[in-house]
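Protein chains: 2
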Amino acid sequence: MDLYEALYTTRAMRRVKPDPLPDDVVADMLDAAVRAPSGGNNQNWRFLVVTRPEVKAELGPLYRRSFEELQRTVYRRSWERAKETGDEAALRVMRSSAWLAENFEQVPMWLFAFSRNDPSGASIYPAVWNAMLAARGRGVGTCLTTILGIFAHDETCEILGVPTDRGWRLAAAVSAGYPLGRWGVAARRPVEEVSYADRWGEPLPFSVDGPRWRPDA
Amino acid sequence: MDLYEALYTTRAMRRVKPDPLPDDVVADMLDAAVRAPSGGNNQNWRFLVVTRPEVKAELGPLYRRSFEELQRTVYRRSWERAKETGDEAALRVMRSSAWLAENFEQVPMWLFAFSRNDPSGASIYPAVWNAMLAARGRGVGTCLTTILGIFAHDETCEILGVPTDRGWRLAAAVSAGYPLGRWGVAARRPVEEVSYADRWGEPLPFSVDGPRWRPDA
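Protein chains in written order, with this note's numbering: chain A, -19 to 197; chain B, -19 to 197.
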């Protein structure tokens, strides 16, 4: 797959089929993850591939409880506003996020990523994102979630046997499976609205005219 | 460029030529950045392209002071050990990091990334990494640095006019330019040493045998 096609179409793909992923797809994801840079090349990361039904059955209720807490707190106002104004893009995110929570156990693979001595996240999220891009290259949809780490960190780590006393922290849980929907370029605020030249607020001296990759190009 | 070639060969490329980057390369980097996922699709990011010599001249001394502080603190022991044991891979990282600090003003472009309401970093580093992968696709070398944010956050933001009072934080400064060296697959600890299946410590049920992409494959 072309690099730019992957960069432009690796969007959150939450609705996936229960079919298991072949080992070589998971191997591609993990091997791409470890190619990422990390501060001082310390590679202070661990990856945990969860596929066993018993383990997913323990984590699912925690994920749903975390999702409910997210809805009640961080996203309460924005989601209420989306319902009131009928913001279809935001409502789609809400519905597919709810689908993922309800179907946690049916997602064939969850990739958990852990880091240590990485307060900014700069040394783990490039690796996580590499795994997601590599999955896209094999036709596998993923979604990066952080709610288990935010709302149920210690319980999740206990279930998974993580030695938190040695500094390991859960950074992400990535769902992975063959998509039910279609790939496409996600709509985003254009570069011109979020980018500056040399000082905050100064416009770029050129036009970007995105998206610069399109399916039919 | 093939996706996997980019994932495997986008390594820290600190030594670069002073030649400026064409606008369309910078546009590719920025437009790839905004395709990344972010929590709730909030896109709470801003990107600042620094190319003007006056701005780099203000930032360079801060970067070098931050680099010296990094050497004195976080990396002191590991770099001393590298010198004692003659660990060539670690010494190469040390030397090229020092080159980047000494040549801050000669790097043609620095891409600054800012985020807000993103304590984990999960909503900014995929975007930063997308910009770096897109650069790789155009033959441009990059390096993700965080030391200005760690050791000189407020001074850097003041120079760049960042409204920190509205919650914006510097997440990364990425150097970018045409490489002096060659592209290649970075050596990493193999997947088998950093990955588990279902519970921490349980080995993967398959072999990964990385690197799974090679230049001559």
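Rather than coming from a laboratory, the hints here were simulated on the basis of the structure. Among the clues, some could well be false.
Think about it this way: if two alpha-carbon atoms lie no more than 20 Å apart in a straight line, the pair counts; the simulated EDC-like pairs of lysine to aspartate or glutamate are [stated by the list, open to error]:
{"id": "1", "chain 1": "B", "residue 1": "Lys(-3)", "chain 2": "B", "residue 2": "Glu135"}
{"id": "2", "chain 1": "A", "residue 1": "Lys36", "chain 2": "B", "residue 2": "Asp178"}
{"id": "3", "chain 1": "A", "residue 1": "Lys(-3)", "chain 2": "A", "residue 2": "Glu85"}
{"id": "4", "chain 1": "B", "residue 1": "Lys36", "chain 2": "B", "residue 2": "Glu64"}
{"id": "5", "chain 1": "B", "residue 1": "Lys36", "chain 2": "A", "residue 2": "Glu182"}
{"id": "6", "chain 1": "B", "residue 1": "Lys36", "chain 2": "A", "residue 2": "Glu82"}
{"id": "7", "chain 1": "B", "residue 1": "Lys36", "chain 2": "B", "residue 2": "Glu182"}
{"id": "8", "chain 1": "A", "residue 1": "Lys(-3)", "chain 2": "A", "residue 2": "Asp(-18)"}
{"id": "9", "chain 1": "A", "residue 1": "Lys(-3)", "chain 2": "A", "residue 2": "Glu82"}
{"id": "10", "chain 1": "B", "residue 1": "Lys36", "chain 2": "B", "residue 2": "Asp178"}
{"id": "11", "chain 1": "A", "residue 1": "Lys36", "chain 2": "B", "residue 2": "Glu85"}
{"id": "12", "chain 1": "A", "residue 1": "Lys36", "chain 2": "A", "residue 2": "Glu60"}
Listed below are several chain A residues computed to face chain B (Cβ distance under 8 Å; list not exhaustive) [claimed, not checked]:
{"id": "13", "residue": "Val5"}
{"id": "14", "residue": "Trp25"}
{"id": "15", "residue": "Thr53"}
{"id": "16", "residue": "Tyr55"}
{"id": "17", "residue": "Asp67"}
{"id": "18", "residue": "Leu71"}
{"id": "19", "residue": "Val73"}
{"id": "20", "residue": "Gln86"}
{"id": "21", "residue": "Pro88"}
{"id": "22", "residue": "Ala102"}
{"id": "23", "residue": "Phe131"}
{"id": "24", "residue": "Gly147"}
{"id": "25", "residue": "Ser175"}
{"id": "26", "residue": "Val188"}
As the structure is a prediction and not an experimental result, all values here were calculated from the model. The beta-carbon is built from N, C-alpha and C at its ideal position, and this holds for glycine as well.
Hints and how they fare:
The straight-line distance between the Cα atoms of B:Lys(-3) and B:Glu135 is roughly 27 Å, outside the 20 Å bound, and the hint therefore fails. Annotation: proposed proximity of A:Lys36 to B:Asp178 holds, straight-line Cα distance about 9 Å (limit 20 Å). A distance of roughly 11 Å separates the Cα atoms of A:Lys(-3) and A:Glu85; the hinted pair therefore holds under the 20 Å criterion. A C-alpha spacing of about 35 Å is found between B:Lys36 and B:Glu64, which places the hinted pair above 20 Å, so the restraint is violated.
Restraint check: the Cα-Cα separation between B:Lys36 and A:Glu182 comes to about 16 Å, which is no more than 20 Å; the hinted pair holds. Our distance criterion of 20 Å between C-alpha atoms is broken by B:Lys36 and A:Glu82, whose separation comes to about 50 Å. With a CA separation close to 49 Å, the supplied pair B:Lys36 and B:Glu182 exceeds the 20 Å bound. Restraint check for A:Lys(-3) and A:Asp(-18): the C-alpha separation of about 25 Å exceeds 20 Å, so the hint is violated.
Of the pairs offered as hints, the one joining A:Lys(-3) and A:Glu82 holds, with about 14 Å between alpha carbons and a cut-off of 20 Å not exceeded. Taking the CA atoms of B:Lys36 and B:Asp178, the gap is near 48 Å; set against the 20 Å cutoff, the hint is violated. Under the criterion of a C-alpha separation no larger than 20 Å, the hint pairing A:Lys36 with B:Glu85 is inconsistent with the structure, at around 51 Å. Proximity of A:Lys36 to A:Glu60 is assessed by CA-CA distance (about 30 Å); at most 20 Å being required, the pair is judged violated.
The beta carbon of A:Val5 comes no nearer than 11 Å to any beta carbon in chain B, farther than 8 Å, and the hint placing it at the interface is violated. Hint status for A:Trp25 relative to chain B: holds, with the closest Cβ pair at about 6 Å, below 8 Å. For A:Thr53, the interface hint is violated, since its Cβ never comes within 8 Å of a Cβ in chain B; the closest pair sits about 12 Å apart. The interface hint given for A:Tyr55 holds, since its Cβ lies 6 Å from the closest Cβ of chain B, which is under the 8 Å cut-off.
Against a cut-off of 8 Å between C-beta atoms, the interface hint on A:Asp67 is violated, since the closest Cβ of chain B lies about 11 Å away. Nearest Cβ of chain B to the Cβ of A:Leu71: about 12 Å, over the 8 Å cut. The hint is violated. This hint holds: A:Val73 has a C-beta 6 Å from the nearest C-beta of chain B, less than the 8 Å allowed. Violation of the interface hint for A:Gln86 is found here, the shortest Cβ-Cβ separation to chain B being roughly 17 Å, above the 8 Å cut-off.
Restraint check, A:Pro88 versus chain B: the minimum CB separation of about 13 Å is more than 8 Å; hint violated. Interface hint at A:Ala102: satisfied, since its Cβ lies 5 Å from the closest Cβ of chain B, which is below the 8 Å cut-off. Taken as an interface hint, A:Phe131 does not check out: its beta carbon lies about 12 Å from the nearest beta carbon of chain B, beyond 8 Å. For A:Gly147, the suggested interface contact is broken, since its CB lies about 13 Å from the closest CB of chain B, more than 8 Å.
Against a cut-off of 8 Å between C-beta atoms, the interface hint on A:Ser175 holds, since the closest Cβ of chain B lies about 4 Å away. For the restraint placing A:Val188 at the interface with chain B, the shortest Cβ-Cβ distance is roughly 4 Å, inside the 8 Å limit, so the hint holds.
Going through the hint list in order, the structure does not satisfy hints 1, 4, 6, 7, 8, 10, 11, 12, 13, 15, 17, 18, 20, 21, 23, 24.
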